[in-house]
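Fit chain B to the given chain A structure using the hints.
Respectively, the protein sequence lines represent chains A and B.
For the first sequence, position 274 (counting from the first letter as 1) is numbered 296 according to this note's numbering, and the numbering increases by one without interruption.
For the second sequence, position 112 (counting from the first letter as 1) is numbered 284 according to this note's numbering, and the numbering increases by one without interruption.
Simulated from the structure, these hints should not be mistaken for laboratory data.
Computed from a predicted model, the values in this text were never measured in an experiment.
Where is the CB? At the ideal position from N, CA and C, for every residue including glycine.
A few of these clues could be false.
Claimed, not checked - Subject to a maximum C-alpha distance of 20 Å in a straight line, what follows is the list of computed EDC-like cross-link-like pairs (lysine to aspartate or glutamate):
# : chain 1 : residue 1 : chain 2 : residue 2
1 : B       : Lys244    : A       : Glu400
2 : B       : Lys244    : A       : Asp442
3 : A       : Lys109    : B       : Asp406
4 : A       : Lys320    : A       : Glu400
To be verified - Some chain B residues well away from chain A (every beta-carbon gap over 12 Å; in silico):
#  : residue
5  : Arg181
6  : Leu199
7  : Trp212
8  : Phe251
9  : Asp272
10 : Ser283
11 : Pro306
12 : Asn328
13 : Arg330
14 : Ala332
15 : Met375
16 : Thr424
17 : Val430
18 : Gly453
19 : Arg464
Stated by the list, open to error - Covered stretches of chain A, as calculated for chain B (at least 3 residues, CB under 8 Å):
#  : stretch
20 : 110-124
21 : 299-313
22 : 423-430
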Amino acid sequence: MNPSNSNITRRRVLTAALAAPVISKMPWVISPARAGSTVNLQFMYPVGVSGDINTIITGMIADFNEQHPGIVVEAVYAGTYESTEQKVITDIGVGAPPALWLPINSALQTFLGVDALEDLTDVAKADDIYEDFIGGFLDTCISDGRLYGLSFQPSTPVLYYNKAALAEAGVEAAPETWDDLFETAQALTIRGGDTPSRWGLTVGGGWHDWIFEAFCRQNELLPWEGDKVLWDRPEAVEALQFWKAMVDVGCMAPSSTWQGSANDFMAGSTAMLYHSTGSLTNLRTSSSFDVGVAMMPKRKVWGASQGGGPIMIAKNQSDAHKEAAWTFARWMTSTDVQAEWGMATGYLAVRKSSWETKVMQDYLAKVPEARTALNQAEYSGAYLQVPAYARARDVIKSAIDRTLVGEIEPEAALTAAATDMNREIARVMRRQRG
Amino acid sequence: MTSNPARLRRNEALLAFAMLAPSLLFLALFTYWPIVRSVWFSFHDVLLGDPEIFWLGAENYTRLLEDHLFWKVLGNTAFYTLVTVPVSILIALLLAVALDGKLRGLAIYRSAFFYPVMIPTVAAGMVWVFLYAPGYGPINVALESVGVPQPGWLNNSRWALPAIMVMSVWKLSGYFMLILMAALKLVPSDLHEAARLDGVGGMQRLIHITIPMISPALYFVTIIGVLHSYQVFDYVHVMTQGGPADSTNVLTFYIYQVGFQYQDIGYASTLATTLLLFVLGLIGLIAATLGRRVHYLGER
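Okay, chain A solo, but in the shape it has when bound:
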């Protein structure tokens, strides 16, 4: 990485100069002089991690509105990723979508399926998006070579650990392999009654399907292709058997909730936690002990699934709105805003230049844990980008849950889940083919 700021500026100027003639030909990118009246934009967003994200977003929007006379962005908090997506889809159905929204990256095919997304390829090429965004992040918004969003809050799961607990148990380093993980989890578990008074390990529930995909990737399996899921492959079965083994010996909690697991970790009732890197700042600052962050232990290889999402722009709106929406999306993903956003939350800043800013460099010197997820991002890819992904998530979560409580064996659960889901995907594809 190049630590100098002057290069970025020069590159920007060059890009802008080259881009100007192209941009002016875009149907909806017109000079700002036209904007005599105010454009109102609705931006729907979820909160997908632990911490006071609402306050942070509201502050960012206020800054944007102040700096951009002529555009008023109204931020609409819409709950979880799931409820945000439902609100947006319903609005699309009645022909009144919000100007922009922030879904989980897996929803790309869902929104393309209803032809709701503005194609941003040309305007992004004319800008510095392709050069300055970290490649892997931008890939999650690309379908058939076209770009349909700007990554805003990419994340991966990471392994959080309670440093004090590790020291107490005489464990010197965070686990690096599945075997280490198993041993460490056992060493950290404190028994007492029916349920341990401290679990060795908790996998954040509600998004454990996302974390499970990371385990599959660590076992060298990408458990889906464009039109099917591959959960019945031996690598996936082995991953689930590994979880079940940890649950069976009593060092891993059989179930949890997303917010609850983060609270459990902060309260010391679990010593290690798989959770989103987006929760880093909250976990680090709200825990009474030192929090360590490690890359997720590997089996055959390092591997992670990418969470978080891009900002998408609605196709069905006026050019003036599209233009203003682009201005907003571009601002939200600009160098300094991304650096601040990353530091405030733990989400990964999407731009190479954000990581080179002085504030970010100072922050990384002070909080080296923040770099872990960036290092891991190198081994990460988009999460479950199949049609009907929302149903796919529920199907795999149910299979995992039923396995961990001992209702069904891993292989049978995953085989049934894959069969059911592939039938559903075929149904959706049939519709799309017409």
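Relative to chain A, chain B alone:
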């Protein structure tokens, strides 16, 4: 002044229709038309967010057969109904009878038992999520102090549905109690006095006098209870989202998932139509059995 009876009747009918029209219009627009549309959709492939629909014939209905989750959800809903309705009514009846006398501080008891009804469902759900919380939740803390095993309640696929049912009984009983208390007030006291003079015990009087006399109210709460149980959605949405492992997934929640989370409005409509038929069938069954045994005052 002479009045033409036929004309009077016609005027009356017109007036009645005029007064009913607003609510009929409302019902037609927001209830009957959606039902018709939903039945129509159930034979189509309908994607939320996409105006195009495709004819499928009975395919969505044959899907029901191979959909394991549908059968599980149906079983959960039936279990929920079969337990919560009788238990809530029994508790409500006992409370109503106990509070029917001249007890000191009666109003306080009455308010106390009715209180759960006044708490908004979502707030009540959140409170119970806290009560059931493993680790720090008061229920498990209490169980721990007496050395009884503590299940994970809402996190445990075996206990999650019963845990929601307990809360539902807590919330429903107070409402039913109020209805039954009103009914008890109408039971002539001379019947009880006559029976007492004849040496009939309290339990016998309850079974042979009170219950038959308030049977219309009991019938009413049974119907309301069944409708309520089949429509349970809010508790599940707030407390478990249908999990873990779909152990708390019920019909209305599943319809919501399929329609709004999976965008599959066609299949969701099929589920909704099926639910409608089930509820109609069940109500019909109750009317044909319990309904026939209802005793209305003044009827012979």
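Structure-based check of each hint:
no. : hint                   : in the structure
1   : B:Lys244 with A:Glu400 : 42 Å, violated
2   : B:Lys244 with A:Asp442 : 15 Å, holds
3   : A:Lys109 with B:Asp406 : 18 Å, holds
4   : A:Lys320 with A:Glu400 : 14 Å, holds
5   : Arg181                 : 46 Å, holds
6   : Leu199                 : 23 Å, holds
7   : Trp212                 : 17 Å, holds
8   : Phe251                 : 16 Å, holds
9   : Asp272                 : 43 Å, holds
10  : Ser283                 : 34 Å, holds
11  : Pro306                 : 7 Å, violated
12  : Asn328                 : 7 Å, violated
13  : Arg330                 : 8 Å, violated
14  : Ala332                 : 10 Å, violated
15  : Met375                 : 40 Å, holds
16  : Thr424                 : 16 Å, holds
17  : Val430                 : 8 Å, violated
18  : Gly453                 : 28 Å, holds
19  : Arg464                 : 42 Å, holds
20  : 110-124                : holds (count 4)
21  : 299-313                : violated (count 0)
22  : 423-430                : holds (count 4)
Hints 1, 11, 12, 13, 14, 17 and 21 from the list above are not met by this structure, while the remaining hints are.
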